[in-house]
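Novice: Sequence:
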Amino acid sequence: MNTKLENILNETLKTLNYDYETKIVKSNIDGVDFQCDDAFKLAKIYHKAPFIIAEEIVNKLKENKNFKEYFKEVNVAKPGFINIITSDKLINNTLKELMKKDKLGIKRENNKIVLDYGGPNIAKPLHVGHLRTAIIGQAINNILKFKGNTTISDVHLGDIGAQMGQVIYGIIHDFPNKKYEDIEFDLDYLNVTYPKISGLCKENEKIKEQCAEITKKLQNKDKNYQILWKKICDLSIKDIKRIYDYLDVHFDYWYGESDAYKYFDEMMEYLDKKSCVKIDDGAKVIDVKEDDDKIEIPPCIIQKSDGAYLYATSDLGTIWQRKKDFNPDEIIYVVDARQSMHFTQVFRASKKTNIYNGKLTFCGYGTVNGEDNKPFKTRTGGALKLEDLIKEVKEEFVNLREENKSMQDEDLDKIVNAIIKFADLQNDYTKNYIFDIKKFSEVNGKTGPYILYTYLRISKLLTQNNGKLSENIYNEIDRTLRLKLLEVTSIIEAAAKERKPHLIANYLYELSVIDNNFYQTNHMSSLEENIKNDYNIILEYNNLVIKKLLELLGIHIPKAM
RNA sequence: GUCCCAGUAGCUCAGCUGGAUAGAGCAUCGCCCUUCUAAGGCGAGAGUCCGGGGUUCGAAUCCCUGCUGGGACGCCA
22 MNTKLENILN
32 ETLKTLNYDY
42 ETKIVKSNID
52 GVDFQCDDAF
62 KLAKIYHKAP
72 FIIAEEIVNK
82 LKENKNFKEY
92 FKEVNVAKPG
102 FINIITSDKL
112 INNTLKELMK
122 KDKLGIKREN
132 NKIVLDYGGP
142 NIAKPLHVGH
152 LRTAIIGQAI
162 NNILKFKGNT
172 TISDVHLGDI
182 GAQMGQVIYG
192 IIHDFPNKKY
202 EDIEFDLDYL
212 NVTYPKISGL
222 CKENEKIKEQ
232 CAEITKKLQN
242 KDKNYQILWK
252 KICDLSIKDI
262 KRIYDYLDVH
272 FDYWYGESDA
282 YKYFDEMMEY
292 LDKKSCVKID
302 DGAKVIDVKE
312 DDDKIEIPPC
322 IIQKSDGAYL
332 YATSDLGTIW
342 QRKKDFNPDE
352 IIYVVDARQS
362 MHFTQVFRAS
372 KKTNIYNGKL
382 TFCGYGTVNG
392 EDNKPFKTRT
402 GGALKLEDLI
412 KEVKEEFVNL
422 REENKSMQDE
432 DLDKIVNAII
442 KFADLQNDYT
452 KNYIFDIKKF
462 SEVNGKTGPY
472 ILYTYLRISK
482 LLTQNNGKLS
492 ENIYNEIDRT
502 LRLKLLEVTS
512 IIEAAAKERK
522 PHLIANYLYE
532 LSVIDNNFYQ
542 TNHMSSLEEN
552 IKNDYNIILE
562 YNNLVIKKLL
572 ELLGIHIPKA
582 M
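The first sequence begins at 22 in my numbering and counts up one residue at a time.
For the record, the hints were derived by calculation from the structure and aren't laboratory data.
You can take every hint at face value.
Each computed DSS-like pair below joins lysine-lysine, with the alpha-carbon atoms no more than 25 Å apart:
id: 1; residue 1: LYS166; residue 2: LYS568
id: 2; residue 1: LYS117; residue 2: LYS481
id: 3; residue 1: LYS237; residue 2: LYS251
id: 4; residue 1: LYS44; residue 2: LYS69
id: 5; residue 1: LYS568; residue 2: LYS117
id: 6; residue 1: LYS294; residue 2: LYS345
id: 7; residue 1: LYS310; residue 2: LYS299
id: 8; residue 1: LYS380; residue 2: LYS133
id: 9; residue 1: LYS325; residue 2: LYS244
id: 10; residue 1: LYS81; residue 2: LYS62
id: 11; residue 1: LYS295; residue 2: LYS310
Restraint-style ranges between C-beta atoms, simulated for each label pair:
id: 12; residue 1: LYS99; residue 2: ASN486; range: 43 to 51 Å
id: 13; residue 1: LEU477; residue 2: ASN23; range: 30 to 38 Å
id: 14; residue 1: LYS295; residue 2: TYR210; range: 41 to 49 Å
id: 15; residue 1: GLU408; residue 2: LYS217; range: 18 to 26 Å
id: 16; residue 1: GLY488; residue 2: LYS568; range: 13 to 21 Å
id: 17; residue 1: PHE196; residue 2: LEU477; range: 48 to 56 Å
A virtual CB, placed ideally from N, CA and C, is assigned to each residue, including glycine.
With these hints in hand, go ahead and build the complete structure from the sequences.
Specialist: In structure tokens, the structure reads:
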């Protein structure tokens, strides 16, 4: 739509001898569809009054023999705005073209992109802190895949950190006389043991040291500890998968930090030859300062003075591994914004040492806060488990009204997903947001269930149509809806380009509001056949759009609600 | 201390690659169900866009500065 209008406007500019690429934007003036503000720019370049230029353009435009095909009305407003009201014909023709197009009219991309999201720790249950990376990461994954890219998602498990030593310490002390092979325990046991030992470590320096020792040996591939480690991983991953499955969050690879450890030897050997790698206070560091830095970026430490490896090493090792396994065009990290400094260091280290020269993107999201606007904690001070959050939302929704109690479980789960995901994705992810269980479960207003409700209600109105859209537009809200549907392509393009799922969520909400208005002003059942036919075609497409966009956000539509 | 992010209606937030009268949801108040789901729609009130400068024909948006809140700053992950 915009392109078509821009083309005809640019043609006009040319005949007036203005050398300028003009842009058309959506107008927020009542009754005006689009506006062009470039008379002001031209005024500066050609030293004329903007109003004169705008009038010149509009007059010339009106001489165009195709004027009526494109426009219902074009006029100039006060200082020099060009207001455009498009013809019904243009709207309908563009809409017809869009309906024929594959993938909602978007341009295809073909990059190979690795996405790093999830990042749960083995031996700890998933909690609220794991929610955003999963939901945002999966949404970005879906969007980029829809754009045609080959995406590779990797959960990047924290499978070999300090918590492993602590859990193994706990197991050894709970099963003192058993061979490691024979020790058996379940998830409940793990869920108790980790916090228990973690607490002990805070009180007792000696136990902490012993745990650290186990961790170190494990990292150095101690065969015995690996037996227990394997058991813990298997149990824990199974549980983590269960929750991710519920949230429809999926990964192509379940690699962990331990998988990067395999490459440390060859990577360190490679790095030792680089001039930017040096020893500082006994630690091996990569200098990542750049001349135009506003602040001093500390060097990236890749090996501690005691020889141990740390966070940056494993992230660098992971880049090494990804380059080797996938050789992607880009790697996207969907992680807590507070890690921005760390990733600046790692990204720079990777570039400087030539480990990877592709694009590295940091998508840092804000924290989920409690009502005190501080990172969310339960009443007892711990992190709320994701499983409990899901339960709470479900309960809240079921108790909302009597009809919900008889809902099918399958449908309920879809709605719970919609509630949680839409709440998270409707705002720009770079910002913190306040986590309010009541607001999460709210069904009125800007929520997932509102969108689902709209979709389901429209599906019930749909009847047969002959697939041939006429040239008519019947009323203002009809027109608004058609124009809104024409925006879908650019919305997806923007969401993909900026990696911002909330653009899609906002569009879905705006579209749903228009839909609700539409079917309350236009009673389908009492309409003439030809109007009903047109509306059916439009609403059918409308629902196709809603369904596809919801899918991109990881939200699925229940059978009924 | 340095740097990053934020400050928009009572509350939660969109808008931020500059455009006309700053938009939603919740809350408040009015109207709309003999007709496809009222879990809805329409409308009203509510604003020094944190303060102060500047750039511009035009600033919530860009620059400088001050205040407030959150965060990050070499051997944790």
